[in-house]
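> Chains as they are written, first to last, in full-length UniProt numbering: chain A, 1 to 345; chain B, 1 to 345; chain C, 1 to 345; chain D, 1 to 345.
In short, the hints are calculated from the structure, not lab data.
Keep in mind that this is a model prediction, so the values were computed, not measured.
All the given hints hold, so there is nothing to weed out.
Copies of the same chain look alike in the list, so a pair counts if it fits in one copy or across any two.
Distance condition first, Cα-Cα at most 27 Å in a straight line; then the derived DSSO-like pairs of lysine-lysine:
(1) Lys50 / Lys163
(2) Lys256 / Lys50
(3) Lys139 / Lys93
(4) Lys137 / Lys116
(5) Lys267 / Lys50
(6) Lys56 / Lys267
(7) Lys267 / Lys139
(8) Lys250 / Lys224
(9) Lys220 / Lys116
(10) Lys250 / Lys227
Protein chains: 4
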Amino acid sequence: MIKACVVGATGYTGVELVRLLSRHPEVVIVGITSNNYAGREYDDLYPSLKGYFSMKCDELNVKELIKKSDVIFTALPSGHALEFAGEIISSGKKLIDLGADFRFDDPLVYEKWYGKPFKLHEGVRRVYGLPEIYRKKIKNANVIGNPGCYPTSAILALAPCLKYGLILTEDIIIDSKSGVSGAGHSLTLGNLYAECNESTKAYGVANHRHTPEIEQELGKICGKEIKVTFTPHLVPMTRGILSTIYCNLKEDISVKEVREAYVDFYKGEFFVKLLEEGRFPRTKDTYGSNHCHIGLAYDEHTGKLIIISAIDNLMKGASGQAVQNMNILFDFPEYMGLDFPAIYP
Amino acid sequence: MIKACVVGATGYTGVELVRLLSRHPEVVIVGITSNNYAGREYDDLYPSLKGYFSMKCDELNVKELIKKSDVIFTALPSGHALEFAGEIISSGKKLIDLGADFRFDDPLVYEKWYGKPFKLHEGVRRVYGLPEIYRKKIKNANVIGNPGCYPTSAILALAPCLKYGLILTEDIIIDSKSGVSGAGHSLTLGNLYAECNESTKAYGVANHRHTPEIEQELGKICGKEIKVTFTPHLVPMTRGILSTIYCNLKEDISVKEVREAYVDFYKGEFFVKLLEEGRFPRTKDTYGSNHCHIGLAYDEHTGKLIIISAIDNLMKGASGQAVQNMNILFDFPEYMGLDFPAIYP
Amino acid sequence: MIKACVVGATGYTGVELVRLLSRHPEVVIVGITSNNYAGREYDDLYPSLKGYFSMKCDELNVKELIKKSDVIFTALPSGHALEFAGEIISSGKKLIDLGADFRFDDPLVYEKWYGKPFKLHEGVRRVYGLPEIYRKKIKNANVIGNPGCYPTSAILALAPCLKYGLILTEDIIIDSKSGVSGAGHSLTLGNLYAECNESTKAYGVANHRHTPEIEQELGKICGKEIKVTFTPHLVPMTRGILSTIYCNLKEDISVKEVREAYVDFYKGEFFVKLLEEGRFPRTKDTYGSNHCHIGLAYDEHTGKLIIISAIDNLMKGASGQAVQNMNILFDFPEYMGLDFPAIYP
Amino acid sequence: MIKACVVGATGYTGVELVRLLSRHPEVVIVGITSNNYAGREYDDLYPSLKGYFSMKCDELNVKELIKKSDVIFTALPSGHALEFAGEIISSGKKLIDLGADFRFDDPLVYEKWYGKPFKLHEGVRRVYGLPEIYRKKIKNANVIGNPGCYPTSAILALAPCLKYGLILTEDIIIDSKSGVSGAGHSLTLGNLYAECNESTKAYGVANHRHTPEIEQELGKICGKEIKVTFTPHLVPMTRGILSTIYCNLKEDISVKEVREAYVDFYKGEFFVKLLEEGRFPRTKDTYGSNHCHIGLAYDEHTGKLIIISAIDNLMKGASGQAVQNMNILFDFPEYMGLDFPAIYP
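Using the sequences and the hints given, assemble the complete structure.
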């Protein structure tokens, strides 16, 4: 049994983490903190957890958290986790950050897109926490930069193609459709029911900050700098991301080879499922689960390869993946506490 | 480990059963049947189950099913389970029926509302499968009439009041709001997205066949014949039933006594949660779980007691409750395979 | 042509007013004010109106508004309209208030439920603006207290029964289901998409402030004090209120007489439609329109009369009704600018 | 006043036509036909129209319809309208077909994608009914092939760019998101509420039959054969199409020039609205209206021009456009009966 605490436990990724950790056979939650709800009972705030988890929200006190935990999850606005990291690491504990603070290799990219100074503390062994790509490095890290939701859906969809050099690295287009919970618990007009319901719109067009994250990781997979056009959309659902990706198959590559590459790349991966020819993923089939479904099509008349992936943005796109990373860090079976299918219908 | 099969596995209650049984630590699914999809791979029909359950749908062959199973779940139109029951029971196996065939004490009531002749085969020890009320009888039964979704939400809400004689038995009004999955997988105009979305309506007004089921059970709890006014509504959501119940508190009873009665009645019940004073349930907080949340209010200026309950119609209202019944029948811990909270948000 | 202005034009009832008034053949909008968006172009805030209405939002300046308008619509928090009324009336202009300030006959009721002191300025001829009941008085009023959304749905449903003395005045239960836009444009957690979607809940149980408004009006219709049990619910849709009302038919009254009473009472009313026997209203069939649909059922086995009404909460429940009142005040045909059916599907 | 009839009046495009025509100041509906509902009262089937339109559905009798109408709208499965056309035209009446029968210049394309033989009757002067492109030809036509919903959204978005030669004609990608009503009133599993709600998916990937329609029209605009990659998606809403289009700006073209081209191309067009820089359309802002909103962005780091358009699939994408075409055919103001904004929120 390990001891975990969740900093920023009352946002949507926080409450999803608590749901997962409270049921994890090898974890005890020893602390939860909340800026807005300190002093409140957690299952009073989130009655869905009645009978599963009960604890008062604390104000943040990093030293105390470090003392009592083996691993600290942070679900905070940019910059905060970066601050705590040194103290956590120097005391030998692990940090899994669900924000963007530890996702970037190049400090300048982080500073440009997130507007905060970046400085890694000594002793930090940081890794981009996408297990299907970096499993080994995750094992040896002490700080996990848990991937963004859109990047997870895009990188898992494109990795085999780029790894095996099946597509051109130019002109990759990622058109993503997300449920509203990705925008979090925050009180903005755009998150109101009456604004989102019966509406679809694009946002962050040509300048969403998940773009550099996607580009960094795709670039590392194919070994060269890469640029993508990424457009996120809001659709009227609570959870789920569907990414439809358009790219150019190399001339001498057949669709059959593409399919074989995906089979090979994801062989043995519990959380990634390649759908049969002619079948395409629905976000509903990943709702509440840590799975990623991928479908492939080739448009013969334009030469485009179309890759479609579906995830639950709060699970594989955030808290589920964070728990998967924790499992790797602590040598638990990777699927532990995560081996359940989507809720359907 | 016991062996289970699901007859009628491709409706919404069927697929929910398969989701639960496929993850149950003491169950192996040995057979699934489907009228419409015989010969089809189950996880091809329901890709949410990829990696969890894979089996071909069979046509229904009762003898074979009996041979290979310890328990048979039926999720079929009225009349079919009644037919098989004799054969199943005489071979010493158990039957859990999610339809209405075994819910009624009085054959004439069944025949009136379901239009089928009713005849119980010899050896059948039937029980109305609401564990919080009939736990002991369930243990000794061999056929379970799994309750309807609306009745579950209404009976759990009213049982303490009626058991302890706190309310008048006249003028009970049950106004229920249900998600659309309760109407099942069936291709009717009223189930289309474009018809249900952005719409609320009542249906089956003054003649829904869950009325006699509710009345039978409430009557048994309070020891006298009882009549209720029950109006079901469709609201635009997939899962969930909220029942708002209006009744008259007896003159000498205080609200405090009512609350204490509920605490007492549901003491030790894992699946029923009484909310604090001033808090009322949301269906969202039971989504995908086997829990029932109950809230209480007293309208001083009219003397009405208002009881509100929320369940997931496919879980505590159907398949979750069926598994709970199975756990009791086979002496497993009652919460086994069902001890997970709702998906929120 | 008359000149109108809208005070508080950027909430949901405000924008619905602007949509209606901008298309009204006898109205010019001469001013719109907004607390939060003063200085902003209206069709930049609400792009749905591009091509129909363009004007900058002003800060509120009552004197100026009075100078340039014939009628002032106020869609403001409680207490504000009450303040302006004197000035507006003494200058001979008309005031239509979409808030609660002018709905109550008894100042103490207003003060108790809205927490503001109540004082009517001299010269104010106030009326409760429900045209189907008070058409004549509206013609002669100078201040309209436009009814609340729930009260509109409840009073229209119950008026014929109470007017003609067909039901007992005790034990009336009003169970209402509302879309989320009724809660307005306000940034509260409960209005977030991720909180409302896939959820139904009751709120304001036993203490919603539309209760005294309903009771006042029903009482006036039947000529005696009346008490009702009213429970509002939020269902996951943007617009629409469905009210399901339970009451006791007097012993000597037949259902046929009830139906005839409704036909008679609403004879010639363009906005109220009585549905055929066995048909019940859907909110969808009133979406975006100023109509109220009413259905009737009698539960023989309990003796309850069940009346179900559907309206669009922003139209007949707020802004549509306000325009209907304006039409009466200014001798336009009552349906002018409002004679369009619901958007279906 | 002209006389119109609607053949296939009970599908979603049919009922939308009836809603529009019943309110059109220059139209009388003289006949409606329905395969499934002949003999039924229309406002009994569609209670939203109570008070606006009342007529019995007839079985189809072409001769009679021709006799009594000036214009016939057909909303039927492929092949039927083609059959009637000769008879209608030779009697001097007009035909507006909402299906695909008259959309294609090349009979082989129609036959390939719709599987029906194509033969134009003598005297037919057919035109692709997109008024913003073919206004003059529409005036002189006697048969209108009303455009598909996706093609309308794509062609309006791309026309200025292609007309003025601002983009490369290769590598155009059209990613469209549609509400469910586009799939019509048909009873298929995929149209059920429980299947669509909380789910987004692609369908018809790389082989949707709106692809050749889009390619034909874009090709004619730019004067050369053109191929596009088109992927439609279903999102959980009733109405609306958002098309996100990716293309390559020619090297010497600035974004400013692109914007000016759109301003110029759509100058004086009532139904097409270009949004300001940095603003992007929401389907909600076109809900129930005949408008198309267009937004533009340039992704500097990849050189892609991103064009986003929103329409209501049943209005500008079907029935609204059909009425617009009728207005042109009969010399009514083009906006007659269509000049109302979207319902918001």
